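**Student:** Spelled out from the first residue to the last, the chains are:
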Amino acid sequence: MSGNNPIDLKQDRRQWLQTSAAVLGAAVLPIPAAAADPQVTPTTPTPTPSAPEPKSPARFFTPTQHMLIEELSETIIPADSHSGGAKAAKVADFIEITIRETTDDAQKSLWREGLRLIDLMSKHYNGRSFVDATPEEKIAVLKILSDNEQMQDLTEVRFFKDLKDLTVRGYYTSKIGIHDELDYKGNRVLQEFVGCDDPTPSA
Amino acid sequence: MAEPEVDLSKKYDAVIIGSGAAGGMAAHVLTTRGLQVLMLEAGKKLNIEQELRSMEWPYDNPHRGALPPDSHSLNFNEYTIRRPPYGPGFEKSKHLKSYIGDSDYTKNIVVDERENPYTGTNYAWVRARCLGGKTNIWGRLALRLSDYDFKAKDRDGFGENWPISYSDIAPYYDKVDMYLGITGVKENLPYLPDSIFQRPTKLTCAEVTLKQGLQKMGRVLTQYRAGVTTDGLKHNKYRSRCYGRGACSRKGGCDIHAAFDSPTGLIYPAMDTGNLTLRTGATVREITVDPQTGKASGVHFTDSQTMKDYTVRGKVVIVAASTLESARLLLLSKSRQYPNGLANSSGHVGHNFCEHVMGPHVYGQAMDLVGKPSTLDDGRPGSFYIPRYRNLTEKHSKFIRGYGFEGGSGNQMFPANTSFPGFGASFKEEIRKNKGSYIGMGAFGEVLARYENYVDLDPFVKDKWGIPALRFHYKFGENEHRMAEDMKETAQEMFEASGFKILEVSDRVLTEGWSIHELGTARMGNDPKTSVLNQFEQSHDIKNLFVVDGSAFVNASCQNPTWTIMALCWRSCDYLADELGKGNL
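Those protein sequences? They're chains F and P, same order as listed.
First residue of the first sequence? That's 443 in my numbering, and the numbers climb one at a time after it.
First residue of the second sequence? That's 9 in my numbering, and the numbers climb one at a time after it.
Hints were generated in silico from the structure; no laboratory data involved.
Because the structure is a prediction, the values reported are computed rather than measured.
Treat the hints with care, as some may be off.
[Stated by the list, open to error] Below, a list of computed lysine-lysine pairs in the DSBU-like style, where the Cα atoms sit at most 35 Å apart: (1) Lys551/P with Lys532/F; (2) Lys19/P with Lys627/F; (3) Lys529/F with Lys102/P; (4) Lys53/P with Lys603/F; (5) Lys617/F with Lys551/P; (6) Lys603/F with Lys441/P; (7) Lys532/F with Lys102/P; (8) Lys115/P with Lys550/F; (9) Lys551/P with Lys627/F; (10) Lys316/P with Lys532/F; (11) Lys627/F with Lys210/P; (12) Lys115/P with Lys316/P; (13) Lys19/P with Lys529/F; (14) Lys603/F with Lys380/P; (15) Lys102/P with Lys603/F; (16) Lys19/P with Lys551/P; (17) Lys603/F with Lys509/P.
With the rest of the complex left out, here is chain P:
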């Protein structure tokens, strides 16, 4: 299917590479400011409602919702015992997908691993090349960062501070809340600032028990702060309010778009301004440079299907291809003038790569719920969140920084536990009588941003489009592993304090990349020698080049990044529009 023709002869005010949370936000802000914007997306515009089919019952699906048998999605074991590229060894499968992509509903959203190889250290890299990118299937937890994160170096001496404070970004968090909608409950925590919340959802009974258990320990459990509109958005005709249809976690996506996604939340409204041109199927190979001025001149891309090459010009180039793809693109954009790649005079592009460590978890039962009649427990966009409690007022002796927990509980469509021994009438009864009593939670911890964790270009391996693959040099360190032990211990103590029967508690760390929260590969900073971008995500080297996705982060914090990516991007694009208006770019 050919991509729609778009005008590539004119010089756009801004060319945006990528259509996820960052690219969508850049398009929203800049088109609202009256700029003529071209957005390039490598993948297709999917018929997303047809992909997600949020209310389809498993028995109405030919494979009960599972991935068709000609496809395979990588699992933890395979990520552990194999090395990237992960294609070889799966020749029997027509399609090979990341661990996300293991269902009939997500299979077309994530890329085929074989077309998109990478090399180096083990990494579970989840990539969604389609309009909206990973926002089509994101987990929806929408948290703010605080000065505990932005000024973390002041607290423990590690790494760098961000070139901004909470007060700089707070007004933009407010804008994101109001424009996109978020549900949650105010808690007045200095280390997890409140948003402007719409109507919250309630906790289940097991979660109330856990909350009370935590209160005895001085810890907080709060409703899942979901980037989901529970009251609706009068200014957006593409999105419905949340109707609690549930199964949000089963498929990830939301086909009525109550959960934020970039196309309905940002891109379609931006197109309605008349200022946005969208070119899908555009695999960007390089950001081009004007040899006279040394500034970015535009973009060179290949049509993803026809393999034909195109160039397009822009006054400003905005990179929003996702943390790792953006770093790759900067490194690919080598020239006589910029032999190390674009925006890389510091040598920091691809470095300081960080994310969240995952895996340690606890799982148990609220025994008072065993044998109770079914209740509706999954009709909400998320369950609960436990904000960090480490290294706030006291210093932990074994690690710096912190971690939080995401969890869930209660009845769900497929029973949470079927692993009873034996078979027959008693087996069936065990599943039935226990089904509503389960509760579990898993930790997300800050991986320290370290220079020695980095990506570069593989000298030999190329992707389907002949573009050099990314090579990983990335491992969790001592701090992460010591933190993982503490996650397990405190998870256990919280469940014990709540009177739950513990069925499983583990400090097993999942493969690097599992959190899908990769960050930091083009970090911001005040010093051009040790950072790639300034506080407005503008290249120190090239004034008309901006990198507005997670690569700009200075550290990972332990909070999920999407809301911060969008707030930062909004702030940066406001600045960009001002500067362009003044003729400074």
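This is chain F alone, in the form it adopts within the complex:
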């Protein structure tokens, strides 16, 4: 997965989609709209064949999906020595509200499908779900999508773009993003705007 040895996403995805079909015992694509509705059927394949996990009806994403979004957003904007990352900034909560409330059904489907596909990718490349992967393994999966951002016909690539957009929006409108990360100094009462000294003589 290094730059010297780029993976062929389109070639690979046949394999990981097939793997998932075998696991589920059914054809994966296309997903009928009704089956993709979380109110009807949970669409995220659970790692163990346990009972469907409990889910608050008010929330769009299941707790598992929420945890996955937390890990994805943190991989995009991680904590560093300067400030907290997307997880601390509760970006997943912002994404939950945004996707729950949108009237764009295509975006809702994109998120359900995207989360599922990313987890399949992680299982294929890392041998474990995205949440359980090491930081390096997480980066490796997202790098495949980031490196192939021109492949807009692929759901997971479009999903990555929307994931990145919403993560950026959520993070830089959060307390951590504005105050800790950017050290934004405005939005306060000022006696005088400091500005820059202008050495040029005025007209």
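With chain F's structure known, arrange chain P on it following the hints.
**Tutor:** For chain P alone, kept in the frame of chain F given last:
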């Protein structure tokens, strides 16, 4: 919610239609002169501080300041690929708004597109039906025109001269400056006369660099001349001085009213005289005419909520509904006597429609600021302005008239650029380290006032109140497109001269209407055959009818129009009060 009862039985000295910059100024001048004035506004009186919430942090807002998900605001792409009316195709959205209206802070200020349809050619028409109109969210750039504009025909032969000179309007610009407050720096430019400025704000470091780059080219960069009081106004208890809280551009409005808006700047003080009666929720359908005298007799309006009809009488009727709505109202006011609409014996109402062309811009970085600690760069009402430099002393070979640039720079609440490739630690660091180094500017150019650019009434489509919709026949022409190419080229050369790294430079023109500077649909002039109004914005046809908003402009110039609208209106209303006193109306 019912509108407050007002006395509609008495005959007012003046009935003003509209409460924006023009209507507010007419109310101020006429009530000060002792006239009994009724102001009609189609929209509501909003709790504007509650709408604007200027200091709200994004994380304290349920949608981080964005428009709620049940609403949609039109974007450039939609304005381009669709044709008006813009309602169909957005059935999923409960509310459909113009491109302004894309935030939780402006959503109730602009109209719902579906209730207010228009037809014809593509146009991004931004309308604010509420007390104060668009002054609640205006960009605040407050510029004067000069004889380079008023007498532009003398310079290049195109169009018509204004029936006034700079010397006629200069004293009124002074009055507007003193009464409302304006910040800026004197530059002594004959083509952009100075105002009577209050305390200016400083430039940022990138802007100082750009100013020095421009000086080498003989061009000027000056502080944003904002219609904002930086020292306060002793005579106005409704407005505070500017406290540099910033985020002015984020929401447009100013909830402490340091930025001028019509309600606090003009209407509330006018009400304090005891001479102003305000009726909100009054959608005017028609200006009525006395068949005996042929003069305007008053106004017929519908309550915007209850749909009940009312009439009210006035000795004088003042139209200040905004350039396009005023033209629409004149065209709607047809009678046996005036079959082409009111004040329209010339056939020029709705024509000579002009504005500013926008879109070409440059965006780049002052590399010496990369990696520097944060500075407070947005605690001021505006950044910088570059006045026109084309067709002043030399004639450009490809186009006539000129354009100026508005720009901004520096740290802001949301990083100016997040479009870095990749993700992760390096992505985050790129955003952080570059955040304070950006600078950008976009041009505003004069769209020529041409007879063939016009609006009329759609024969079929009506608005929510059953009033015929406006139909657009309006396109940018050759001169505008050639000017746009030059905007791009000179923007690039100015950034290069300043040593900026250019990230983006474009001559893409935005949809007609984007500047929200529509003008000219009832132009002034000395000849009643080719103009609608005389130099006092008084109808040539009907002595007691005045049109005091941007529709009176003879050309658009390239300077933002609000200050000129108000200066002209003040002059016209002084004349109106004199003439009414003499019994001439």
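**Student:** Would you mind marking each hint as holding or not holding in the structure?
**Tutor:** The hints, checked one at a time:
no.: 1; hint: Lys551/P with Lys532/F; result: violated, 65 Å
no.: 2; hint: Lys19/P with Lys627/F; result: violated, 55 Å
no.: 3; hint: Lys529/F with Lys102/P; result: holds, 33 Å
no.: 4; hint: Lys53/P with Lys603/F; result: violated, 42 Å
no.: 5; hint: Lys617/F with Lys551/P; result: violated, 60 Å
no.: 6; hint: Lys603/F with Lys441/P; result: holds, 23 Å
no.: 7; hint: Lys532/F with Lys102/P; result: holds, 29 Å
no.: 8; hint: Lys115/P with Lys550/F; result: holds, 24 Å
no.: 9; hint: Lys551/P with Lys627/F; result: violated, 56 Å
no.: 10; hint: Lys316/P with Lys532/F; result: violated, 51 Å
no.: 11; hint: Lys627/F with Lys210/P; result: holds, 17 Å
no.: 12; hint: Lys115/P with Lys316/P; result: holds, 26 Å
no.: 13; hint: Lys19/P with Lys529/F; result: violated, 66 Å
no.: 14; hint: Lys603/F with Lys380/P; result: holds, 29 Å
no.: 15; hint: Lys102/P with Lys603/F; result: holds, 27 Å
no.: 16; hint: Lys19/P with Lys551/P; result: holds, 17 Å
no.: 17; hint: Lys603/F with Lys509/P; result: holds, 27 Å
Violated hints for the displayed structure, listed by number in ascending order: 1, 2, 4, 5, 9, 10, 13.
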